[in-house]
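A.B. asks: So the chains spell out like this:
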Amino acid sequence: SQQGEEDPQALSIQEGENATMNCSYKTSINNLQWYRQNSGRGLVHLILIRSNEREKHSGRLRVTLDTSKKSSSLLITASRAADTASYFCATDFIPLIQGAQKLVFGQGTRLTINP
Amino acid sequence: EAGVVQSPRYKIIEKKQPVAFWCNPISGHNTLYWYRQNLGQGPELLIRYENEEAVDDSQLPKDRFSAERLKGVDSTLKIQPAELGDSAVYLCASSFLSRDTEAFFGQGTRLTVV
Chain W
1 SQQGEEDPQA LSIQEGENAT MNCSYKTSIN NLQWYRQNSG RGLVHLILIR
51 SNEREKHSGR LRVTLDTSKK SSSLLITASR AADTASYFCA TDFIPLIQGA
101 QKLVFGQGTR LTINP
Chain C
116 EAGVVQSPRY KIIEKKQPVA FWCNPISGHN TLYWYRQNLG QGPELLIRYE
166 NEEAVDDSQL PKDRFSAERL KGVDSTLKIQ PAELGDSAVY LCASSFLSRD
216 TEAFFGQGTR LTVV
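Protein chains in written order, with the working numbering: chain W, 1 to 115; chain C, 116 to 229.
None of these hints come from the bench; they were simulated from the model. Each hint can be trusted.
Calculated cross-link-like contacts (lysine to aspartate or glutamate; reagent style EDC-like; alpha-carbon spacing at most 16 Å): (1) W:Lys56 to C:Asp215; (2) C:Lys177 to C:Glu198; (3) W:Lys69 to W:Glu55; (4) W:Lys70 to W:Glu53; (5) C:Lys193 to C:Glu129; (6) C:Lys193 to C:Glu183; (7) C:Lys131 to C:Asp201; (8) W:Lys102 to C:Glu165; (9) C:Lys130 to C:Asp201; (10) W:Lys102 to C:Glu217; (11) C:Lys193 to C:Asp172; (12) W:Lys102 to C:Glu159; (13) W:Lys102 to C:Asp215; (14) W:Lys26 to W:Asp66; (15) C:Lys177 to C:Asp201; (16) C:Lys126 to C:Asp201; (17) W:Lys102 to C:Asp172; (18) W:Lys26 to W:Glu5.
Just chain W, with the same shape it has in the complex (with noise of 0.2 Å):
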């Protein structure tokens, strides 16, 4: 399947620091969307950014997209224990026939924000 790819897969850094998450895929996409995961729950929502927008923030968060490396970054800014957790990138790719699969998730990065 045509994933995205998280870079790195695992990054441990101190309470208060940045916390920067990479993300590379494949096709065109419609948009590209990052999600959290904690241990044993669900995914949650972060951000979504268009395929024609270059940076978007939220809060802590800040998102970036380049179209023409195809890739993403998520930055997340003075980082707090509860930040710990999977964070996923997923793709929503115009696909190349009707129905095809979309939102496709990458295989994450986990976070460990060490107080």
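Place chain C on chain W using the hints.
C.D. replies: Below, chain C without anything else, positioned relative to chain W:
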């Protein structure tokens, strides 16, 4: 407003037994997804509905998996018979049927096949 509701939360069954998962999406959401998530991996799409129509089931192992969405609202996912490799978390999500919308996820059903 209630979110996406899934049941059961946990299920332990012996291999070769059948199992069913239920999902109640957010009211008004036309699109419903079933994903499977293995430990340490991202969710993988099994099937996507638009209203009552399964518009993408290319990733659904049809020899043992089946799904239905009655009246375009609730959905059930069934496995018969279950295999050891089916152990995973099964996630249901829903969204509006329009461009650039987010998906809302349920808490998932953790299936263990022994």
